Amino acid sequence: MIESFIRSNFFPIKKNLCLNELLPLLGDMVIKSNISDDFLIQDISSLTSIRNNSILFIEKKVDLLNHNKKKLCLISNIDNTDDFNYIQVKNVSESYNLILNNFYYHEDSSNFPDEYTSINGSHVSKYSQIHKSVNLGKNSVIGRGVSIGKNSIIKNNVVIKNSIIGNNVVVCDNTSIGTTGFGFDLNKRGSTYLNPQIGIVYIDNNVHIGSNCTIDRGKIDTTYIGKNSMIDNMVHIAHNVHIEDNACIAAQTGISGSVFIGKNSTIGGQSGFAGHIKIGDNVIVAAKSGVTKSISDNSIVAGFPATDIKEWKKSIIRQKKNGHK
Amino acid sequence: MIESFIRSNFFPIKKNLCLNELLPLLGDMVIKSNISDDFLIQDISSLTSIRNNSILFIEKKVDLLNHNKKKLCLISNIDNTDDFNYIQVKNVSESYNLILNNFYYHEDSSNFPDEYTSINGSHVSKYSQIHKSVNLGKNSVIGRGVSIGKNSIIKNNVVIKNSIIGNNVVVCDNTSIGTTGFGFDLNKRGSTYLNPQIGIVYIDNNVHIGSNCTIDRGKIDTTYIGKNSMIDNMVHIAHNVHIEDNACIAAQTGISGSVFIGKNSTIGGQSGFAGHIKIGDNVIVAAKSGVTKSISDNSIVAGFPATDIKEWKKSIIRQKKNGHK
Amino acid sequence: MIESFIRSNFFPIKKNLCLNELLPLLGDMVIKSNISDDFLIQDISSLTSIRNNSILFIEKKVDLLNHNKKKLCLISNIDNTDDFNYIQVKNVSESYNLILNNFYYHEDSSNFPDEYTSINGSHVSKYSQIHKSVNLGKNSVIGRGVSIGKNSIIKNNVVIKNSIIGNNVVVCDNTSIGTTGFGFDLNKRGSTYLNPQIGIVYIDNNVHIGSNCTIDRGKIDTTYIGKNSMIDNMVHIAHNVHIEDNACIAAQTGISGSVFIGKNSTIGGQSGFAGHIKIGDNVIVAAKSGVTKSISDNSIVAGFPATDIKEWKKSIIRQKKNGHK
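Chains as they are written, first to last, in the numbering used here: chain A, 797 to 1121; chain B, 797 to 1121; chain C, 797 to 1121.
So that you can see chain A by itself, here it is in the shape it has in the complex (with noise of 0.2 Å):
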């Protein structure tokens, strides 16, 4: 369902691409192609969602027998590639952002298209929708393509892009959300050759968000905050993150791309999490942790590296009596 947005809503399409179109853009790039379809392409797609009509980006080799959509798939490796349109590429990423960049305006690259109105003291997108009872204040900064729903309360000096807002979510000062994500191949710096970040944030109903936090949009999906959750103040949320219901993140805590975390969440100041973990229902992180691992369910986590609160507690004592002998 989050992951249902209208991605040209947000991101207007800069020319049609069909298939055979592609070659010629790829240019150098291509090593091998198989393509023998002709399908319009219609859209961009990750591995956890694909699209019809899409394009998948794929560095490691996968299974993607059981998706029986209409795919083109850029690949660094072929093996067992019989069964899909692909083309092999000399580089992944780079092929990534030629082609979006060829395909879609965004934020990152120039004229990226949009109109502003003034409302009370705010810029606001012709191509947004704000419901009439949204309280939004001054000088905040409300993009192309982005919802927000009853109720809702966005303070002052905050910019939304790429977003969509539920109902009853409270957004502080100083906050930005839908920024970019941090994502590139680090063989490959610099600001020009930052991969396309096509994504949104999606945030659900009675969410709190406190001031001058970040909180970026999905590279090609949704960074996704549930139900009734609370973000304390200068929360960074990153690229992919999914976040379920109910989650209590205390301040200054910086949650890596693509972090799962489960309901109920409870999530001390100052801590962070590494990129692409799982963590369960149900968790409690105490403050300045550092979490390098999946958790399970109904863990109480400490430390850095994070470990069972039970066992980190143990070893500062361990600690202290070491000191007095």
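Simulated from the structure, these hints should not be mistaken for lab results. Among the hints, erroneous ones may be present.
For chains that are exact copies, the list does not tell them apart, and a pair is met inside one copy or across any two.
In the EDC-like style, the derived pairs of lysine to aspartate or glutamate whose C-alpha atoms are separated by at most 20 Å in a straight line are [unchecked claim]:
hint : residue 1 : residue 2
1    : Lys1116   : Asp1104
2    : Lys865    : Asp1041
3    : Lys1059   : Asp824
4    : Lys984    : Glu1040
5    : Lys886    : Glu817
6    : Lys811    : Glu1040
7    : Lys946    : Asp904
8    : Lys886    : Asp981
9    : Lys1023   : Glu799
The model shown is predicted, which means the values in this text are computed figures rather than measured ones.
Fit chains B and C to the supplied structure of chain A, relying on the hints for placement.
Here is chains B and C on its own, set in the frame of chain A:
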């Protein structure tokens, strides 16, 4: 002195409440009550600063005998309550929300009344008082009730609400002051359950506050920063924190709710403080410390959990030695 | 090259000072002086970049013999000073404040002169130079002297002051660049004692800077970020930091004053760096590290205090084992 602010300057009163109106308002929430008086309720109080004709919200048993102010206590357990007005309720936190939302306008509920004029590219409430010598930058927002003293410098994109700012105070860019504290019952999550925060921030003379900081207002009383304090960038100061004079707090430090810090503190960057602890005078906290307990005067601490810095250094050396066994 | 900026483009000169005017200005502060020359003072210098006809402020004894620029040294101890102009003062930091505040306008003193025009909903100084190809968002502030190169993208609610920004630089929302460094004498606290910060920020070509970051300008020289560097959200970079090309710095990292970071660094999130240390080339710093000492080229470090990552991993395993004894 710092607690003597006039609440309605910041949080306009929706309606005056007579004590006897409360029972119908609370409805099913009421278990028992001994209301006999019928004073007009004029304010809300915390236990640390009881105002006359006010309501107190008491979660745990406390001794109120030595307070001779007229008051009404909302309590969850009755025990030795003969000597004051009380209403016993099922849930104190929910009663607090119900009464406060009925009694006061605040920025986390709809339709907070304020009116702004534009001064030098910033939005300034008609109900604020800014000394004519103040330097006010661009895109800042100064909200209802705020006062700013002589020769203070408020830079750009700063949000100041619910605050009293002294003389010669400097507030750097993108900082949020007087924002909403992170206060709620962990068992009832979601923006609509957030406890109304109707206290203020009081920043005393000659304080420097860096960029992209957040200072939350008190829940009922005051978040206070003492004279001549220096706060670096991206520091988070939670609700009800009290920092005495001459503090020096380096970047990215986070101070949890209701912490008290004595005078002449020196606090390294990325430090964190657990809530409700008391730090003595002349304390030095090394960078990246996690302070979990109260600290006595003249201490120097480091590490997480923070301990005497000499002990901490010894433990580091011990760990290294163990590595070379 | 990066030190060759024209200071008065950013910090207008209040009045030209002749060397002989300094003694009356400093008044009681002066202990002894050997002034014989009478050159016009044209600038202020740090020891790392001595400019001709400038004043140096020297706290400790240094060897200046090999600098043949015309200079005046403000010093606290005389010792071997026959060969250059000096004024011995009681307190170098206070003398610095007195002279700088007399000599230059800067944003932390009253009446800093600037004039703005409104461009696309942002405030842009008439004394700035923004290339016509720059994409400038809403509610941003571009201050006096700032220049921004070709095809750079400055998003919304960004504050840039006292900075030179190269080509293809992206600065995301709510970020503050060129803000005031946290520089002062720990014995003299309060906003009015803050040392005037009259250096700049220089961001080289193709740099990406995330949302809600702070980059402080140099005290006298330049805070520098090298080509093709990638800075994630909520990163704090203090005054005088020098980061070589191709840095990759993850979210919520803090880099203290005067740190030097070699080329091709990769730095995990929530890391912290003590001031005045030197990080070599090709260094990897794991997330949540606390780097307290200089690090040689090609190192990989982790933990707090940061150590070789293999040692750190061993110590974690050792601690776990001890827990199971």
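Go through the copies and call it for Lys946 and Asp904: within, between, both or neither, with a Cα cutoff of 20 Å. For Lys946 and Asp904, only the inter-copy Cα distance (14 Å) is at most 20 Å; the intra-copy one is 30 Å.
With identical chains treated as interchangeable, where does the CA-CA distance between Lys1116 and Asp1104 reach 20 Å or less: within a copy, between copies, both, or neither? For Lys1116 and Asp1104, the Cα distance is within 20 Å both inside one copy (19 Å) and across copies (11 Å).
Could you figure out if Lys1023 and Glu799 sit no more than 20 Å apart (CA to CA) within one copy, between two copies, both or neither? Within. Shortest intra-copy distance 16 Å satisfies the 20 Å Cα cut-off; inter-copy 36 Å does not.
Should Lys1059 paired with Asp824 be assigned to within, between, both, or neither, using CA atoms and 20 Å as the limit? neither (47 Å within a copy, 30 Å between copies)
Are the CA atoms of Lys865 and Asp1041 at most 20 Å apart within a copy, between copies, both, or neither? For Lys865 and Asp1041, the Cα distance exceeds 20 Å both inside one copy (30 Å) and across copies (43 Å).
One pair to classify: Lys886 and Glu817, alpha carbons no more than 20 Å apart. Within, between, both, or neither? Cα proximity of Lys886 and Glu817: one copy only (18 Å, versus 68 Å across).
Intra- versus inter-copy proximity for Asp981 and Lys886 (alpha-carbon distance at most 20 Å): within (14 Å within a copy, 54 Å between copies)
How would you label the pair Lys984, Glu1040 (within, between, both, or neither) given a Cα cut-off of 20 Å? The answer is between: 15 Å across copies meets 20 Å, while 34 Å in one copy does not.
20 Å Cα cut-off: does Lys811 pair with Glu1040 within a copy, between copies, both or neither? neither (36 Å within a copy, 39 Å between copies)
Of the numbered hints listed earlier, those contradicted by the structure are 2, 3, 6.
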